[in-house]
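Numbering of the sequence shown is given in the numbering used here, commencing with residue 1 and proceeding in unit increments.
Among the hints, a few may not be true.
Label-pair restraints from in silico Cβ distances [to be verified]: (1) 106 - 171: 26 to 36 angstroms; (2) 211 - 179: 26 to 36 angstroms; (3) 72 - 35: 22 to 32 angstroms; (4) 105 - 50: 23 to 33 angstroms; (5) 60 - 127: 52 to 62 angstroms; (6) 25 - 192: 18 to 28 angstroms; (7) 110 - 62: 45 to 55 angstroms.
Since the hints were made in silico from the structure, they are not lab data. Glycine is no exception: its CB is placed at the ideal position from the N, C-alpha and C atoms.
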Amino acid sequence: MKLVEWLQRLMTNFGAEWVMWLLVGLSVVSVAIMLERTWFFWSLRDDIASLANELRQLLRKSDLAAARKRMEDSPSAEAAVVVAGLLEAENGAKSADEAMQGAAALQRLKLERRLAFLGTLGNNAPFIGLFGTVIGIVQAFEALGRQTAAAAAAGGSAAPQEVMAALAEALVATAVGLVVAIPAVAMYNVFQRQSRTILANTEALSRVLLAHLTAVPSAKARTDNA
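I would like the entire structure built from these sequences, with the hints used as guidance.
As structure tokens, this is what we get:
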């Protein structure tokens, strides 16, 4: 048996229904991830501009304890990174910077968790659906071949209705693939934009703390020299 014949028989025996069920299963997982990520980002929301102003005011007073308390009260990822820097503030700006870089890396992992699945699904679901369509078309043409042979033996002509119905059913797989892919791509882009915004805010807040820690030794040195 030739390889092409073997593959054709394999496709016609299994059909395209399993592809549809695969897409349905992936869609369920995708929706679950979208809901979980939506809740996650919603739980991190805070007024970052107001938080930054409060941090500046407390740092001007050199009240690191109050600044740490305010950051710990915030649910935001930005504040969690600044807390790591405040814990190392007594060891200098360099130590605080290293601590915040490490904390920011951990926050990035949390922000981007499961997003790779959405991106991969969005890119590949149409191809999975197209594969189901190809299988359906192979089945339809095989059915057409059988009908044509039977009709020729009987001295009549093959009726195309069954074949056309099979082709229409095969195209449904492509449509389902697109239905699964479009929301996944859209939400992937939304979550990526939110992640980039949070990380940019994190960098801005970190710079506020580092500016203070860098300025304090300089001011102290000028006072000692005077």
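Evaluation of the provided hints:
1. 106 - 171: 26 to 36 angstroms: violated (46 angstroms)
2. 211 - 179: 26 to 36 angstroms: For residue 211 and residue 179 the Cβ distance comes to about 50 angstroms; the hint is violated.
3. 72 - 35: 22 to 32 angstroms: With a Cβ separation near 28 angstroms, residue 72 and residue 35 satisfy 22 to 32 angstroms, so the hint holds.
4. 105 - 50: 23 to 33 angstroms: Once the Cβ atoms are compared, 26 angstroms apart, the range 23 to 33 angstroms for residue 50 and residue 105 holds.
5. 60 - 127: 52 to 62 angstroms: Hint holds: Cβ distance 57 angstroms, inside 52 to 62 angstroms.
6. 25 - 192: 18 to 28 angstroms: For residue 25 and residue 192 the Cβ distance comes to about 24 angstroms; the hint holds.
7. 110 - 62: 45 to 55 angstroms: Distance hint for residue 110, residue 62 is violated at roughly 31 angstroms.
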